[in-house]
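Residue numbers (the working numbering), protein chains in the order written: chain V, 257 to 604; chain P, 148 to 276.
FYI, nobody ran anything at the bench for these hints, they're computed from the structure.
For each residue, glycine too, the CB sits at the ideal point set by N, CA and C.
A couple of the hints might just be wrong.
[To be verified] Straight-line C-alpha distance at most 35 Å; calculated DSBU-like pairs for lysine-lysine:
#	chain 1	residue 1	chain 2	residue 2
1	V	LYS440	V	LYS493
2	V	LYS311	P	LYS226
3	V	LYS538	V	LYS558
4	V	LYS493	P	LYS171
5	V	LYS466	P	LYS173
6	V	LYS584	P	LYS233
7	V	LYS466	P	LYS171
8	P	LYS226	V	LYS538
9	P	LYS226	V	LYS402
[What the hints assert, rightly or not] Stretch by stretch, here's where chain P covers chain V in the computed footprint (C-beta under 8 Å, at least three residues):
#	region
10	387-401
11	418-427
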Amino acid sequence: MPQTSAAIDTDVVIVGAGPAGLFAVFELGLLDIKAHVIDILPRAGGQCSELYPEKPIYDIPGLPVVTGQELTDNLMKQIEPFGPTFHFNEMVQTLESLGTAETPAFRITTDAGTVFNAKVVLVAAGGGSFQPKKPPIPNIESYEGKSVFYAVRRMEDFRDRDVVIVGGGDSALDWTLNLQPVAKSLTLVHRRDAFRAAPHSVSAMQELVKAGKVSFRLGQITEVHGAGGDMSHATLKGNDGAEEKIACDRLMPFFGLTMKLGPVAEWGLNLNENLIPVDTEKFETSHPGIFAVGDINVYPGKLKLILSGFHEGALAAQKAHRYIYPEKKLLFQYTTSSTNLQKKLGVS
Amino acid sequence: MVKMSYDNMAVCYGAEPGGGAPTKVKVTFVDSHGQARTVEGEVGSTLMETARRNDIPEIAAECGGACACATCHVYVDEKWTEKAGKASQMEEDMLDFAFDVKPNSRLCCQITVRPELDGLTVTTPAQQG
């Protein structure tokens, strides 16, 4: 694991940059609370931008219709005055509690080695973290990281290898084009002779097939063979049902992403069917100082709606303020009339 | 999760004028171990919603019906493939992210329950995500 030189000190770490996490930045910001936001995806928006960027949403109050991407863009604009720091492509790995119930303190470490010291943690992790889908190939786990990869970290790992790429989307096509020059052989396996990828990538791949530099096979990989994590062959089952063993010491399956709860399960929080129970006054978890808002929490009557996540973030912020500024009295104010809040928003 | 628009729903919702047409039909989900569960599906709703309402296992439906995740993959019983219809272009594209796709594969968020589907049987795969 790479190590960073120094830990980042912050009031709040928000886990998840979906709509609930983003709006929490706003509600915390109005109370002078600074936040760092961590997300495993490369951009903000969570499910909104990952699953349905172009789909209209009809139940956001005040917005008769808005797409997932527009909502994300609007939220990003709305929280701009509070200058949150985003840490994308990182997943929170460990969460250690260092404080007391009255004065909580946490150390958070991501899979990229970034360390945060925070007074409050707000979990807005939705359905969990988006992770690559793993195909149902027996024993595939024992080859992961050595022969089976779901992303390319270093091209050199594929030099002079018999590479098999499975899938028909942009990731499969992009890596077919990028790895072909370094690989010993490259086989692209897909269930059909049609691709949901950029047309220029598809034609470039087809040129390579014509030139004999890429082998395109219709079907799926059903078995992998080897020992000690080192793969030597894979079984290709054609669409006609015929099975064939092909040379393969690097396998890359690209079946998109799925949501997994991930390391949240190991943070010592009470869980109820992979959801985090909270109270409905402060949206605090079983652990003082750790809040959960949005789709990841559960309480009597919970509705998994974006608007619920907004409400939950506003209430969690009130309690977070008491942890972060124990000596200050919190005065409830409206953005319409408070010059103090308007100053924070940069509009007064 | 949000309430989504169902592309095909507007045209199918309650599109049974004249009375007499059933508002509920029976559909059967067979799981990957062979256990069959027959439930009532409301005409106009999707097969995915029917599965979720009835706690059918092996239907993840992560995206909530947006045809964006391929985790409500089912195999339509051979006798029903014609009536259930073919996958749209968008659905075919999304099926690329499902496992062990066969000619009778569909995403059940894209199948609208209709009176002529009374008796429909589908099988769920062991792994969706």
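Here is how each hint holds up against the structure:
{"no.": "1", "hint": "V:LYS440 with V:LYS493", "in the structure": "holds (22 Å)"}
{"no.": "2", "hint": "V:LYS311 with P:LYS226", "in the structure": "holds (33 Å)"}
{"no.": "3", "hint": "V:LYS538 with V:LYS558", "in the structure": "holds (14 Å)"}
{"no.": "4", "hint": "V:LYS493 with P:LYS171", "in the structure": "violated (40 Å)"}
{"no.": "5", "hint": "V:LYS466 with P:LYS173", "in the structure": "violated (50 Å)"}
{"no.": "6", "hint": "V:LYS584 with P:LYS233", "in the structure": "violated (63 Å)"}
{"no.": "7", "hint": "V:LYS466 with P:LYS171", "in the structure": "violated (53 Å)"}
{"no.": "8", "hint": "P:LYS226 with V:LYS538", "in the structure": "violated (54 Å)"}
{"no.": "9", "hint": "P:LYS226 with V:LYS402", "in the structure": "violated (44 Å)"}
{"no.": "10", "hint": "387-401", "in the structure": "holds (count 3)"}
{"no.": "11", "hint": "418-427", "in the structure": "holds (count 3)"}
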